[in-house]
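Student: So the protein lines, in turn, are chains A and B.
Counting from 1, position 60 in the first sequence corresponds to residue 60 in my numbering; the numbering is continuous, with no gaps.
Counting from 1, position 12 in the second sequence corresponds to residue 12 in my numbering; the numbering is continuous, with no gaps.
Hints may contain errors.
[Claimed, not checked] Covered stretches of chain B, going by a simulated chain A footprint (3 or more residues, C-beta under 8 Å): (1) 22 to 35; (2) 180 to 190.
[To be verified] Distance condition first, Cα-Cα at most 25 Å in a straight line; then the derived PhoX-like pairs of lysine-lysine: (3) A:K33 to A:K53; (4) A:K79 to B:K6; (5) A:K33 to B:K74; (6) A:K18 to B:K6; (7) B:K74 to A:K53; (8) B:K74 to A:K52; (9) A:K33 to B:K6; (10) A:K58 to B:K6; (11) A:K42 to A:K58; (12) A:K42 to B:K74; (13) A:K52 to A:K79; (14) B:K74 to A:K79.
Hints are computed from structural coordinates only; laboratory data are not their basis.
Since the model is a prediction, treat every value here as computed from it, not as a measurement.
No residue lacks a Cβ here, since even glycine has one placed at the ideal position from N, Cα and C.
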Amino acid sequence: MIHEPARLMVVALLSAVKEADFQYLHRSTGLSKGNLSVHLSKLEEAGYVAIKKTFRGKYPLTICRLTERGREVLENYRKVIRAAL
Amino acid sequence: MTKDPKVLANRLLQRAWNRDGLPEIGSGLFSLVAAGLIYAMQILPRRSPGQIAAILIFAFVLPLYGFCAQPLVKRIRSRWLLERAGYVQHLPNRNLKRNNLRLLAVMAVVMPLVFLAFNYSERLLLPMTGALGALICGLVGWSARMVRLMAGGAIMLATAILLALSSVPVMIGMAILFGSQGLYYLLTGGVAFLRFMNDER
Numbered sequence: 001m002i003h004e005p006a007r008l009m010v011v012a013l014l015s016a017v018k019e020a021d022f023q024y025l026h027r028s029t030g031l032s033k034g035n036l037s038v039h040l041s042k043l044e045e046a047g048y049v050a051i052k053k054t055f056r057g058k059y060p061l062t063i064c065r066l067t068e069r070g071r072e073v074l075e076n077y078r079k080v081i082r083a084a085l
Numbered sequence: 001m002t003k004d005p006k007v008l009a010n011r012l013l014q015r016a017w018n019r020d021g022l023p024e025i026g027s028g029l030f031s032l033v034a035a036g037l038i039y040a041m042q043i044l045p046r047r048s049p050g051q052i053a054a055i056l057i058f059a060f061v062l063p064l065y066g067f068c069a070q071p072l073v074k075r076i077r078s079r080w081l082l083e084r085a086g087y088v089q090h091l092p093n094r095n096l097k098r099n100n101l102r103l104l105a106v107m108a109v110v111m112p113l114v115f116l117a118f119n120y121s122e123r124l125l126l127p128m129t130g131a132l133g134a135l136i137c138g139l140v141g142w143s144a145r146m147v148r149l150m151a152g153g154a155i156m157l158a159t160a161i162l163l164a165l166s167s168v169p170v171m172i173g174m175a176i177l178f179g180s181q182g183l184y185y186l187l188t189g190g191v192a193f194l195r196f197m198n199d200e201r
């Protein structure tokens, strides 16, 4: 699931922050909004990412956070990659 | 694209941090103020109120930039650039503090040794400052894969060496060095900021 380059970027970025909103992920990864939305949905379905919709003043925020399961999967992936290199 | 998630994450974070040019603008302003203070310290009469004020500001106020820069940039982004930059809550950066301490430790050992080796030649101050600045710019630029940051470091080193080889007095040379770096980063940061604001994404 997370070996796919776009999803790996999203998961890697979320692992390095506490939480980030959709716009931050969109600008940081360079993915189009549609593409990012699809990947986030898949990651949320798999239980790797938690998504919360809220507001800051009048500005809507879609906040994404990596779950514990997501961190475990990422760490396992990292071990596999390091062993392979 | 690297497959190591940690390396990938660091690179993306660094690029995101520098994307809007605000940190560069801050560095540029800091360098220009430092240049002005160094120049003031040289040309004002010794022990005049102006010179003393310049020394005190340089020694005690300017270093505060190191502590205030990141929170200030975050505040500006969350207050005025939220819709463009997006929202992020960073993790505490334990590595940054550790790396800063390592850098300070290395400087505390290396600098006195180099000065001793060259019989306290004060002209060493210029290339050493240039080298340190180039190292910092190069590391930050490399980790974010941003050429303009690495280029700034190279320009700083070249300027420092040229100034060291010239007959310009050392402290005036330092003022020129900081001033030129300040102008460079104000320019690149300003261009980056304008591009960021005009980006329709």
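Student: If a hint holds in the structure, say so; if it doesn't, say that too.
Tutor: Against the structure, the hints:
1. 22 to 35: violated (count 0)
2. 180 to 190: violated (count 0)
3. A:K33 to A:K53: holds (16 Å)
4. A:K79 to B:K6: holds (11 Å)
5. A:K33 to B:K74: Holds. K33 (chain A) to K74 (chain B) sits at ~24 Å (cutoff 25 Å).
6. A:K18 to B:K6: Since the Cα atoms of K18 (chain A) and K6 (chain B) sit roughly 15 Å apart, the hinted pair holds (cutoff 25 Å).
7. B:K74 to A:K53: holds (22 Å)
8. B:K74 to A:K52: Distance ~22 Å between K74 (chain B) and K52 (chain A) Cα, so the pair holds.
9. A:K33 to B:K6: holds (24 Å)
10. A:K58 to B:K6: Since the Cα atoms of K58 (chain A) and K6 (chain B) sit roughly 35 Å apart, the hinted pair is violated (cutoff 25 Å).
11. A:K42 to A:K58: violated (28 Å)
12. A:K42 to B:K74: violated (30 Å)
13. A:K52 to A:K79: violated (30 Å)
14. B:K74 to A:K79: With Cα atoms ~33 Å apart, K74 (chain B) and K79 (chain A) exceed 25 Å; violated.
The structure does not agree with the numbered hints 1, 2, 10, 11, 12, 13, 14 stated previously, though it agrees with the rest.
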